[in-house]
Amino acid sequence: MVDFTLWDIVRNLLLAARWTVALSLIAFIGGGIVGMALLVARTARWPGAEAFVAGYVQLFQGTPLLMQLFLAYFGLALFGYETSAWTAASVALTLYTSAFLVEIWRGCVAAVPRGQWEAAQSLALNFGEQLRYVVLPQATRIAIAPTVGFLVQVIKGTALASVIGFVELTKAGTMITNATFAPFLVYSCVALMYFALCFPVSLYARTLERKLNANHR
Amino acid sequence: MGIELDFPAVLAQWPLLAKGVLWTLGLTALSAVIGLLLGTACAWARSSGPLALRWIAGTYVELIRNTPFIVQLFFVFFGLPAAGVKLTPEIASVIAMVINLGAYAAEIIRAGIEATPKGQLEAAASLALSRVQTFLHVVLPPALRKVWPALTSQIIIVMLGSAVCGQISTQELSYAANLIQSRNFRAFEAFIVATGIYLLLSIGVRALLNWVGPRYLFGGRR
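Just so you know, the sequences run in chain order X and A. -13 is the number of the first residue of the first sequence in the working numbering; add one for each residue after it. 12 is the number of the first residue of the second sequence in the working numbering; add one for each residue after it.
Bear in mind the hints are in silico, worked out from the structure with no lab data behind them. Using N, Cα and C, we set each Cβ at its ideal position, and we do this for glycine too. Heads up, some of the hints might be wrong.
Unchecked claim - Facing chain A, from chain X, some residues (calculated, C-beta under 7 Å):
hint, residue
1, L189
2, Y190
3, T193
What the hints assert, rightly or not - Below, computed lysine-lysine pairings styled on DSBU-like, alpha-carbon distance capped at 30 Å:
hint, chain 1, residue 1, chain 2, residue 2
4, A, K30, A, K97
5, X, K197, A, K30
6, A, K157, X, K197
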């Protein structure tokens, strides 16, 4: 039997943590794009868009991420796509993230005073221009802190991808546990690594929030 | 190429699903009650406890809020036995859910506590209420009322998170879905059905908590 030193455990976990970071970024960026598309459709009041987005948000916020991952994993295969854990995890986490981001951003757009829209309209800007030059810049300022805060949720969410066999930090932890029989040590290390990833982001989100509130006072 | 979905094969196993639903609801109810108590205790410790307690509660809250639930669960179920504490999957699930909810609830309740107007505290002091009486009767009820929607959402998040507990063979809803798909290989249908049930559960539990809170927890009177 191969002996694992503490350094072996930490090194292997660190290598796996790269995939946690990669998956988080994919989900966050993909979710941001999908979320933005949904936000525009909703704000533009396309027929049915409002109800669709409301249902979409309810669906993804009202069901477990684990089930969404399973559905993506088995569902994509059912529809004839070659599924790897990578694709399934990326798709599920992207949709999950977009549902939360569109809800956060919707609130931020709603927080921009009605008069701003009207003023932009009276300058003969079309809808796209109103959104692009008047409303979004103001909404973005409010949106940054909660959006960064949500990134923590995304990072933690990627841990569930371990269940469908995606080898990231948690899965690596399980695999190393099976080799070393030292679950206490290994899962402590895993937890600390997640903490090291998430805590700075949480702190940054809190700082941003404080800055924003200071400006409002 | 046609896709054949066979829902009856899944629905025929309804006793398993029903048992899963009961387990999910039971785990959620138990951990909601204990978790809210823990959260209230930590909120008190963080807002007005002694310095050491404040620090301990703060560390606990930050540690839990910045690590995934599945890792907390694995730590409790696989890690603690190595340190000499043996747990059944069900107990481990409840412990992990309580610890998780407690940390989030602490932050939510603290926000409510800190929004207490100063005059209320002064009024309580002028009525010669003790610190404990002031906290329990003056500070806590309006604080809970203010943050109840957020607490409700958090309890639902914990309920949805409990789907992970199936991974350590707690027999809740997602475990039932897994069991069914391992029997009839109807994985997609099984998880669609389970997901639909979770959706109904989260809508139902939200309605229930919105009803229960004002009536039994912090009084409907204003």
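Query raised in the report: Does the structure break any of the earlier hints, and which numbers would those be?
Result: 1, 2, 3 and 5
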